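Protein chains: 2
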Amino acid sequence: MRILAKDIKQAAQEKPSEKVEVKGWVHRIRELGGITFVILRDPSGLLQLVLETPPEFTLETIIQAVGFPGLNDKAPGGVELKVCSLECISKPIGELPYQVNGDPGKIGIEAILDHRSLSLRNPKIRAIFKIQSTIIEAFAAYFRGQDFTEIKTSKLVGSGTEGGTELFEVEYFNRKVYLAQSPQLYKQTMVASGLERVFEIAPAYRAEKHDTPRHLNEYVSMDIEMGFIESEKDLIELEKGMLAYIFEEVARKNKNELEMYQATVPNGEAVFRAPIVPYEEALKIASAEAMAKGSGRIFDINPEAERFLWDWSLREHGTDLVFVNEFPRRHRPFYTYPLDVVRTMSFDALFRGLEITTGGRRQHDYNALLEALPKFGLKPENLKSYLSVFKYGCPPHGGFAVGCERLTQKILGLNNVKEASLFPRDRKRVEP
Amino acid sequence: MRILAKDIKQAAQEKPSEKVEVKGWVHRIRELGGITFVILRDPSGLLQLVLETPPEFTLETIIQAVGFPGLNDKAPGGVELKVCSLECISKPIGELPYQVNGDPGKIGIEAILDHRSLSLRNPKIRAIFKIQSTIIEAFAAYFRGQDFTEIKTSKLVGSGTEGGTELFEVEYFNRKVYLAQSPQLYKQTMVASGLERVFEIAPAYRAEKHDTPRHLNEYVSMDIEMGFIESEKDLIELEKGMLAYIFEEVARKNKNELEMYQATVPNGEAVFRAPIVPYEEALKIASAEAMAKGSGRIFDINPEAERFLWDWSLREHGTDLVFVNEFPRRHRPFYTYPLDVVRTMSFDALFRGLEITTGGRRQHDYNALLEALPKFGLKPENLKSYLSVFKYGCPPHGGFAVGCERLTQKILGLNNVKEASLFPRDRKRVEP
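Respectively, the protein sequence lines represent chains A and B. First residue of the first sequence: 771, per this note's numbering; consecutive thereafter. First residue of the second sequence: 771, per this note's numbering; consecutive thereafter.
Everything labelled a hint here was simulated from the structure, so no lab data went into it. Check each hint, because a few of them may be wrong.
[As the list claims (entries may be wrong)] So, partial list: chain A residues that the calculated Cβ filter (under 8 Å) puts toward chain B:
#1 Lys779
#2 Pro813
#3 Leu816
#4 Val820
#5 Phe899
#6 Gly928
#7 Phe943
Note that the structure is a prediction, hence the values are computed from the model and not measured. Beta carbons: idealized from backbone N, C-alpha and C, even for Gly.
Based on the provided sequences and hints, a complete structural model is requested.
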């Protein structure tokens, strides 16, 4: 019966004369005065094995060892296993393309992505996805706790709602369909149907030709939509609650993983005091920051502006989080609810200088939607499916989407969002 | 401040002289001796409103009402609201295509799917997705409790691992990629990487030209994979534990929803006593059942055989669940681990006469995989990505996938699996 590395210390303390079995990967091998020390890696951590005969395996071999657990202050974790018998379960074939047990900073991103079965063996790289798993769990738990229903909607759509140019085309039984850019239409359908509060965690697609450290062509979108809101401010409050909970869960469950990156997450107080800055004011703040640092004026909430707003919020409010609201109509899709002729009830959440969320209140009135379309150069006949959702009545509502990889990236301070995707897709990469 | 229908009784008992506000959909209107009774529907249930003036709205209007809560034995739930003021929030435009408040059996499946914002207002139709939400939650919770990590993998793949003919093609920046049929390669990569235990809940695609009540071209696949197993029997035990937990959670959280369908879920004992029948024996059992009922002999575990095996297991073992294992090699993909020359360490789970799971132990040895390929007419150069996962060592492992819609369908006894998909895709349907 296998036991995990993390449980060996207890075995050594309680039953040192009882043999135990461990299984895992050979992380490191060191010879010292005729004795071989093998560091074994399993999902729970590292363990020192002490061998009296030189091993016949190389690094990254998967082994099974039986022996006596013993305390040893010099061993990692203060414990080791004196091996009686050892078996190779699976051996690597040929040379490893890179060293697994070192600093992942020395492996390039392409090599990391090319060999996921190898790169994820590095505890620091694996930590990214342990944290991502917590983020997904906490997101779902938070919204379930607020009476949201989890939904799963189709990723194959007859047409796009966010604009037609950035869609991937799918050959579907002799006709063309598209990969969904978001579950926008579907989550709004759920609100109109009286389900009222829904969330979905699913892939979303953008056929953008970007090649930046903040873009993916396929990403995990964590979406919510809810009925009976007044404005985007209700959504911002909800997102604050959600982020505070996610950060709390990550801090609680992923202490080791955060430490590997010397990363911290904001506490609840820091989340709740995040400022809400109207778009025009955000431009002024970003411009003032820019000019104070010798850059030019800012005319748009672009990546540069997002970073300046972070500088400002850290200094003025002691928080990594800023909400920008009241985006102008021209910057938002046709379905965004107007605040007045120029502004909308919309918002972005910026975390550590990166937009992680876009959201807002939506237009729920069928006739108002019909009136809005021509202003956006859209025709009702091309949006039949979308419009039909509102034909039988729909409560005032809104929602937002959080980019899972971006949130992961910013929690850990990763340079590239691709590091936070197991199998990222970009213009060049579709393998593995 | 809005309160929900389900909380009105408590308000009537505790503070009948305090006004409360409710919001929801007009489910039914009835006039009786100058008084109008409106049944309001909100996410929590139904509530009778008493109006002294005839209303100016029709069925399915979204309203907001303020009034005094009062106990009334004749009202649904024993409580009603005497309305003081009322406001229309959103009105349906034109005639409803069908009646929302009736028996959904009278609405055809196509009409249900064409108008989801309407059909989901029917409490019985909505119940399907309340249960599906519990299934997804319970699946994730069960595997997290067993130290599995949730992963999210790409749905765009360079090639298929399950066979090349049933793939949807995607136009991806001037090259062709495919929609993933399963996360097979990716979840195995995770095992090889030492993450060891992973699960994923995500869409999967099959470009099959089926048009049956059991097939979808896009479905929600609940996948798991784990390292260090001996045989498919370890997986069957795991699946039993999972199913017992899911059923328990559905019974606990969805009592009302099950009642609407007069449905029950098996208890834990019934799940754990499910028989495990080797393929050849299953054929004999199904044939005997078939012949006893005047049908011909069974030569394959086809839908008919699955139903006969259910009859048998109900009668002989008092359970809705049967596992068939040891499928012949010719029926299983190349990566299935052999038990001997003919049989494999594979299994299906049949629930109430329908296959809801396929799984098995996989071949983890690189050289054994290379040897197996020609027997399946496959060439190593076409499976480079797949093979590379095993090159640096991989523990013995296996996994399975549960079809979320099929499990939902069989819990409720739905005729067609499409009823258990919010926006199903088949050969003809890509809208809404």
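The hints, checked one at a time:
1. Restraint check, Lys779 of chain A versus chain B: the minimum CB separation of about 18 Å is more than 8 Å; hint violated.
2. For the restraint placing Pro813 of chain A at the interface with chain B, the shortest Cβ-Cβ distance is roughly 5 Å, inside the 8 Å limit, so the hint holds.
3. The interface hint given for Leu816 of chain A is broken, as the beta carbon of that residue sits about 12 Å from the closest beta carbon of chain B, more than 8 Å.
4. At about 22 Å, the closest approach between the beta carbon of Val820 of chain A and any beta carbon in chain B exceeds 8 Å, and the interface hint on this residue is violated.
5. For Phe899 of chain A, the shortest C-beta to C-beta distance to chain B is roughly 7 Å, which falls under 8 Å, so the interface hint holds.
6. For Gly928 of chain A, the suggested interface contact is upheld, since its CB lies about 5 Å from the closest CB of chain B, less than 8 Å.
7. The criterion of a C-beta within 8 Å of any C-beta in chain B is met by Phe943 of chain A, whose closest approach is roughly 5 Å, and the hint holds.
In this structure, the hints that do not hold are numbers 1, 3, 4, in rising order.
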